[in-house]
Amino acid sequence: MAAISYDKPFIRITGLKKSFGEQKTLQGVDLDIYHGETLVLIGPSGEGKSVLLKHIIGLLNPDDGKVELEGTDLSHMKERELLKMRRRMGYLFQNAALFDSLTVAENVAFPLLEAGIRDRTEINKRVQEALELVELGEHKDKMPVNLSGGMRKRVGIARAIISKPDCVLYDEPTAGLDPIVTDVIDLMIQRLQKRFQVTSIVITHDMGSVFKIADRVAMLKNGVIYFIGTPGELKQSSDPEIQNFIAGRSGMCA
Amino acid sequence: MNFPFGILAISGRWFLDFLAYLGELGALSGQLVESIKLGAIRGRLMLQQIVTIGYGSQAVVIVTGAFTGAVFTAQSYFKFKDFGIESSVGGIVSVSLCRELGPVLAGLMVTGRVGASMAAEIGTMKVSEQIDALRVMGAHPVDYLVLPRFLAMVISMPLLISECIAFGLGASFLVGTGIFNIPYAWYWKHVVDHTGLEDVGFGMIKGFVFGILIVLISCHQGLIANNGAVGVGLGTTRAVVYSSLSLLVCNFFLTFFLNYFFPLGSAM
Ligand SMILES: Nc1ncnc2c1ncn2[C@@H]1O[C@H](COP(=O)(O)OP(=O)(O)OP(=O)(O)O)[C@@H](O)[C@H]1O
Ligand SMILES: [Mg+2]
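Order-wise, the sequence lines are chains B and G. Start counting the first sequence at 1; every next residue gets the next number (my numbering). Start counting the second sequence at 1; every next residue gets the next number (my numbering).
Next comes chain G alone, as it looks inside the complex (with noise of 0.2 angstroms):
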């Protein structure tokens, strides 16, 4: 093959393959809607899953949050410091925190706790007969295994995406005025003036649709493992990798869409 066409065939088949992924998710994303449809909801289940989803990954969040938080207040009170506004730190790190880092990180950790280990757990099944099991006793694998995690998911994300604003902006407050010495009353100001319910909301809403793409993509993983133990592992590298990128490209678009309904500054 010549130089030209050989690209042109690769990337080809490379858009091909993309695009019969995409088919995938969508037909997992029509069976999950027959599932809630049917209300086949399984509450023991579901309770299990926001256990280990919601509770379990709260740690994980509020040390990312907090972290996040402190560091982005040092690294801003450096810079504002030069132009004598270093007390508004906390409108910038608050509004960032409620629109970006909060949904954004929260996702990202959530994504290598929960969406690899669903990844993992379903492949296992897959691969050791275990789904054909549920199907031959006449439970969908969809209803089983896929709808609990994601209604557990689309209830957890929103409040710990919550929890890693609030326990980022404590550290905010606690580097702010305890190390910077900005003045508690200043800084709190800055805090109230620059943020708003529609900025919260902003960061649920985003948690929400990271929730969803989350679970389908690492149950979808799960779902089409084969070939034994490499199979899962592949599977599971692809869920965490998948779900992270696909998280970071549908922020940017979700941040410009949200920003029409709930608009920061004029600039839009």
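Bound conformation, chain B alone (with noise of 0.2 angstroms):
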């Protein structure tokens, strides 16, 4: 595996606090991802993962506490200042969030487009390797309204790396695929981190995909990172909550 360095943080989250109305969803957040590496965020659902990777972009303003990228605080960032930061970062949105007015190429080829690129025949053929990486080579005159939800998912990822970022924030990008087809965009996170560097964060439902992939695993849970180590760490864990997290117990009888 390529080298992780740990000794100084690529993104530093202090303190992250950010309420909706009454509802407190995180309450005091640290976490420092290190240059290279994958994280995977795990943790019940609603407890605030996504709400996460949105303060790390820049979409959200935390409440209190900081996001710092390199030692730049994102949080008093004026948008346009943010805008050239994100170039850097690819995004893939829960619910995938393509243009509903452009094509899967056009949707693919946004990133690059605003990255200044014009040449017609570099873009169409990023565009091709990147819907190749996901298997929807076939696809790319469609419109995303006649995708299924795993399709879209993939074209979230597509357009997410392919400008090749430094960094790339996956928001659950292998929820509602097939086994194969999991497998397939576990080993691509894989290969971008040992071939290019790139730094991942990835929030995941699917404890398979958390051993195959992980360098170290965060638990969101009650608003705070309820655990984080690497995912043997996470296996000996004595926590009986996590054990029961890890195994999908509820502990309620049918």
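These aren't lab readings, by the way, just hints derived from the structure by calculation. One should not assume that every hint holds.
Derived pair list, reagent style BS3-like, types lysine-lysine, alpha-carbon separation capped at 30 angstroms [claimed, not checked]:
#1 84(B) <-> 189(G)
#2 189(G) <-> 79(G)
#3 37(G) <-> 78(B)
#4 164(B) <-> 142(B)
#5 24(B) <-> 66(B)
#6 125(B) <-> 194(B)
Computed footprint of chain G on chain B, listed as stretches where at least three residues anywhere in the stretch have a Cβ under 8 angstroms from a Cβ of chain G [said to hold, decoys possible]:
#7 91-100
#8 104-116
Just the calculated beta-carbon pair ranges, DEER-fashion [what the hints assert, rightly or not]:
#9 59(G) <-> 142(B): 31 to 41 angstroms
#10 115(B) <-> 33(G): 22 to 32 angstroms
#11 263(G) <-> 102(B): 44 to 54 angstroms
#12 23(B) <-> 41(G): 34 to 44 angstroms
#13 146(B) <-> 112(G): 27 to 37 angstroms
#14 250(B) <-> 44(G): 26 to 36 angstroms
Just so you know, even glycine gets a beta-carbon here, dropped at the ideal spot from N, CA and C.
Need the complex rebuilt from these two chains, each delivered in its own frame; the hints are there to steer you.
Structure, rendered in structure tokens:
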């Protein structure tokens, strides 16, 4: 595996708090993400994993605390400065959030056009490569509304990685995909890490993926990071809450 | 709460909400100006919008202008005939079309057609996270969505209004000379005598201002949409209602303001 440097954090989150009305979603999250690692974020549904990911890319503003990218604080930056920062990152939305007025190929080409690439043949080549990575090579002229849920998600993945960002944030990349395609996506995330030292933050509910791709696992629960460690440490944990979560035991009887 | 204070509190809240709303529109205008200064103009998007806004609204605006011109001519003729001045119908129709009816009616029709679709389209993008997707990929929503619509609108509106006026006048001419048998030459002479370039300019300037109002109000409603389909519906309704009302109110003040520079008659 490629070397991950644990000396200086790439992204540092300190004391992050966010409430929606009365509901306290994040209540002081501290988390460091290092260059070149794959960090998997797990946790119960509705606990704020997506909200945390949106803070990392500056889509949401924290009530308190900060998010630093290589030492620069994102939470007080103006939108136009953030736009430049964000070009270094890729983001997969939980619902894919494809532009429904553009075709699949145009959606995937969007980050390239935003980065100022105008050469048509280069764009077409890279779009084709990205779509083939997610096994959608033949569907590039379809409109997003005509795709299945899993296909939409994969177009979202292609769009998140096409500009070769330093860091990719995936919000449930394999939810709703069949086991084979899930494996394809997991392998793709690993390949990006090995070849291009891409830093990845992956939210998932699929424990198989967790143990396959994670360098470290963080569990978000009750608005804080409840556990952080390697997949091995997660498995060895003596905490019954964690063991029940991994094994999928609700404690109820039929 | 006892009676007079309740009323005060409600009207006070209403007033504060109104100020807050104006503030948001002001902020959006500020971002738009910033976006223009940065030269973030996307030609292709602007052309697409000119086609949907300008080219696509022609039929609506032409029909509105033509039938208004026709019916206005008929009503004026019936009354003017009592005074024996029916041949001067062309003058009043043409001045009213240029100064008021053309810009206001074309503005209202464009609000219904274009304002509604802007609010609905942008609102749908907002609630389905497509606006966030733009931001994530480094595109500012104002650069990408509002600026092209703004430019297309300020280019299209004056042209649409001239069409509205031209077809209104044409219909008026047909009705006046064809149905009421006003001699061509007299009809035309009154039109030319009473209408100057400043009357046409009056209409164009109004159209320009109305275009800005429609774009700002409608795009703003789209950008703040939340709460799914219901929210988009509400935003669309608001976009049309707010744009139409502000257009009518603004028209009143613009008339007085512009009349100072291009006076009609000797009243002011
Ligand atoms: N824009 C918002 N306005 C109000 N509440 C919100 C908003 N976004 C998220 N929330 C609330 O924050 C909480 C966390 O939501 P989030 O989407 O982060 O959950 P999650 O951990 O990603 O869950 P899942 O695994 O189901 O995707 C939820 O209770 C949600 O209702
Ligand atoms: Mg989520």
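Okay, the hints, checked on the actual structure:
| no. | hint | in the structure |
| --- | --- | --- |
| 1 | 84(B) <-> 189(G) | 62 angstroms, violated |
| 2 | 189(G) <-> 79(G) | 20 angstroms, holds |
| 3 | 37(G) <-> 78(B) | 17 angstroms, holds |
| 4 | 164(B) <-> 142(B) | 24 angstroms, holds |
| 5 | 24(B) <-> 66(B) | 17 angstroms, holds |
| 6 | 125(B) <-> 194(B) | 22 angstroms, holds |
| 7 | 91-100 | holds (count 7) |
| 8 | 104-116 | holds (count 4) |
| 9 | 59(G) <-> 142(B): 31 to 41 angstroms | 32 angstroms, holds |
| 10 | 115(B) <-> 33(G): 22 to 32 angstroms | 26 angstroms, holds |
| 11 | 263(G) <-> 102(B): 44 to 54 angstroms | 51 angstroms, holds |
| 12 | 23(B) <-> 41(G): 34 to 44 angstroms | 42 angstroms, holds |
| 13 | 146(B) <-> 112(G): 27 to 37 angstroms | 31 angstroms, holds |
| 14 | 250(B) <-> 44(G): 26 to 36 angstroms | 53 angstroms, violated |
Of the numbered hints given earlier, the model fails hints 1, 14; all others are met.
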